[in-house]
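Chemist: Taking the hints into account, I'd like the entire structure generated from these sequences.
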Amino acid sequence: MHPAFSVLIFTVMSGAGYGLMTLMIIGHLAGLPQLQDSTVLLSGGVLAIALITGGLLSSTLHLTNPKNAWRAFSRFKTSWLSREAVFAVLFYPFALTYLAAIFFGGSEVTALGLLAGILTAVLAMLTLFCTSMIYASLKTIRQWNSSLTPVNYIALGLMSGSLLLAALQSLIGGELSSSLYTLALALLVLGAVCKLVYLFWIGKPAGSTINTATGFTQANVRLLDQGHTSNSFLNNEFGYTVAANKLVRMRLLMLVLAFVVPFLLLLTSSSVLLIIAALLTLAGLLVERWLFFAEARHVVRLFHGDQTV
Amino acid sequence: MKLGLVVDLDTCVGCHGCATACKQWNTSGTIGPLSDENPYGKDPNGAWLNRIRTYEVDDTPNSKTVNMPMSCMHCDNAACVTVCPTGASYKREEDGIVLVDQDKCMGCNLCSWACPYGAREIDPSQGTMKKCTLCVDRIYDEKLPEDERKPACVMTCPTKSRVFGDFDDPNSEVSKLVRDRAGKQLMPELGYNPVNTYLPPRNKPVVEMYEPRSVAASVKDWVNKVISR
Ligand code: SF4
Ligand code: SF4
Ligand code: SF4
Numbered sequence: 001m002h003p004a005f006s007v008l009i010f011t012v013m014s015g016a017g018y019g020l021m022t023l024m025i026i027g028h029l030a031g032l033p034q035l036q037d038s039t040v041l042l043s044g045g046v047l048a049i050a051l052i053t054g055g056l057l058s059s060t061l062h063l064t065n066p067k068n069a070w071r072a073f074s075r076f077k078t079s080w081l082s083r084e085a086v087f088a089v090l091f092y093p094f095a096l097t098y099l100a101a102i103f104f105g106g107s108e109v110t111a112l113g114l115l116a117g118i119l120t121a122v123l124a125m126l127t128l129f130c131t132s133m134i135y136a137s138l139k140t141i142r143q144w145n146s147s148l149t150p151v152n153y154i155a156l157g158l159m160s161g162s163l164l165l166a167a168l169q170s171l172i173g174g175e176l177s178s179s180l181y182t183l184a185l186a187l188l189v190l191g192a193v194c195k196l197v198y199l200f201w202i203g204k205p206a207g208s209t210i211n212t213a214t215g216f217t218q219a220n221v222r223l224l225d226q227g228h229t230s231n232s233f234l235n236n237e238f239g240y241t242v243a244a245n246k247l248v249r250m251r252l253l254m255l256v257l258a259f260v261v262p263f264l265l266l267l268t269s270s271s272v273l274l275i276i277a278a279l280l281t282l283a284g285l286l287v288e289r290w291l292f293f294a295e296a297r298h299v300v301r302l303f304h305g306d307q308t309v
Numbered sequence: 001m002k003l004g005l006v007v008d009l010d011t012c013v014g015c016h017g018c019a020t021a022c023k024q025w026n027t028s029g030t031i032g033p034l035s036d037e038n039p040y041g042k043d044p045n046g047a048w049l050n051r052i053r054t055y056e057v058d059d060t061p062n063s064k065t066v067n068m069p070m071s072c073m074h075c076d077n078a079a080c081v082t083v084c085p086t087g088a089s090y091k092r093e094e095d096g097i098v099l100v101d102q103d104k105c106m107g108c109n110l111c112s113w114a115c116p117y118g119a120r121e122i123d124p125s126q127g128t129m130k131k132c133t134l135c136v137d138r139i140y141d142e143k144l145p146e147d148e149r150k151p152a153c154v155m156t157c158p159t160k161s162r163v164f165g166d167f168d169d170p171n172s173e174v175s176k177l178v179r180d181r182a183g184k185q186l187m188p189e190l191g192y193n194p195v196n197t198y199l200p201p202r203n204k205p206v207v208e209m210y211e212p213r214s215v216a217a218s219v220k221d222w223v224n225k226v227i228s229r
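The listed protein sequences derive, respectively, from chains R and V.
Just so we're aligned: 85 in the numbering used here is position 85 of the first sequence, and the numbers increase by one with no gaps anywhere.
Just so we're aligned: 171 in the numbering used here is position 171 of the second sequence, and the numbers increase by one with no gaps anywhere.
No lab work stands behind these hints, which were simulated from the structure alone.
The model shown is predicted, which means the values in this text are computed figures rather than measured ones.
Glycine residues also receive a C-beta, built at the ideal position from the N, C-alpha and C atoms.
Hints are supplied without guarantee of correctness; some may be wrong.
As the list claims (entries may be wrong) - Only some residues are given here: those of chain V computed to face chain R with a beta carbon under 7 Å:
#1 Thr54
#2 Leu110
#3 Pro116
Modeler: Below, the structure written as structure tokens:
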């Protein structure tokens, strides 16, 4: 699949924003001592909302007829994209109420703050889940059509959020909270495991072939002619192909940038290096999202001559 | 009613007449225009609702060239409709035709991702999704003579390889063809249950291979044949 840059930015930024917001609220409500500071909470909240809003705005860039984008709320019953849009918008009033409660009332948990906080965290995770289900629900792309897709989106969103949270807390609070630090380390390992399982799983041959696509299941089938002399919408959208050795290099780059280096930087427990680790993870996740698209092979490719997907 | 097409892979000659007729009719039809980007330039690109691909099936000497026109299959289980967030894509209750409301589409492409058959294309100038309408603006047009209330592609096909009809009616021409010629759905394993059905090529004798033989052997064969009569 053609990786649209606006969608890569959107999923990485909003994933990190929702992860940051959720972990911060859980830590705050659960009484984690380092997260009872209203400056930390407010800056975390503002950063999360900025990431989410930037991501959502970027996601509208890939629409070819954005003047109808407001209609995207209308098919909540069947469409994951519609659900994502509804939850993403519902998130704002609760997140703003939660932050307002802290802004006006300090970090002491009030009934309003508690309610708004819980709903904010739930809606954040629901939105992230809906985003992942847009991809996971497509039977036409076997590399996405799996429960590993939502697991990856949520694990990586929480992982990048935890790094941002730890970095922010150490920057503002002066010293690193050991529980946030341990959480970030654990989520890095979890994220890496999820990604490795995914990479292993998509390597297994499965799915439709040119034979089932054309209906000739008892003989070899080869494409002679696509029927057009220059590329069509279908070629541009689904024909995206990357050389196998480049894919391997990008996989290594992703693993190093998103997981290995941040893990090593974290082990030094220095605040400055922690910020670098968080930024590196975000860059690594952009590579991860690029691969998520570049390695996905739509079944239309079979009609264009691919033997398998 | 379950309207759709039967495509005969035995007789289709791959002339692209249906695709051209389709483009001509629909560029001024209900969902029109069907625009082109850079039509006379180096790298033209445009929206088509019907495309023809050509395959070679099996290996010599048994190989056969098969032309396969593909337009929307008006699937029973059309995921392109359920994924659409705006409600632009819909499937009509009364005849099963899948359509895109051009006034509602926001051009997110998701329906084209959900379609296994490459039946949906973004219009490069309007930015909305275009797809085969089963010529809904012909088949119900009472101003047309009755035998012309058929899709443009069906009307134009010089070899009559495209047949339009109601798959719910067991006595319709399409239902009979599917029964008699063992019609097939494409990629049935994805579960979309496409309505359009393809008739496989009839079995033809294998091309005779030339084998040099001695004159005496040929004469002997001929004598044997004559005597056995
Ligand atoms: S062929 Fe594609 S566009 Fe047509 S109904 Fe089926 S899934 Fe939808
Ligand atoms: S491109 Fe248009 S018709 Fe297709 S899913 Fe998006 S809004 Fe619906
Ligand atoms: S039925 Fe009409 S819209 Fe569909 S392929 Fe044929 S001519 Fe085109």
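Chemist: If you test the structure against every hint from before, which numbers come out violated?
Modeler: Of the numbered hints, all hold.
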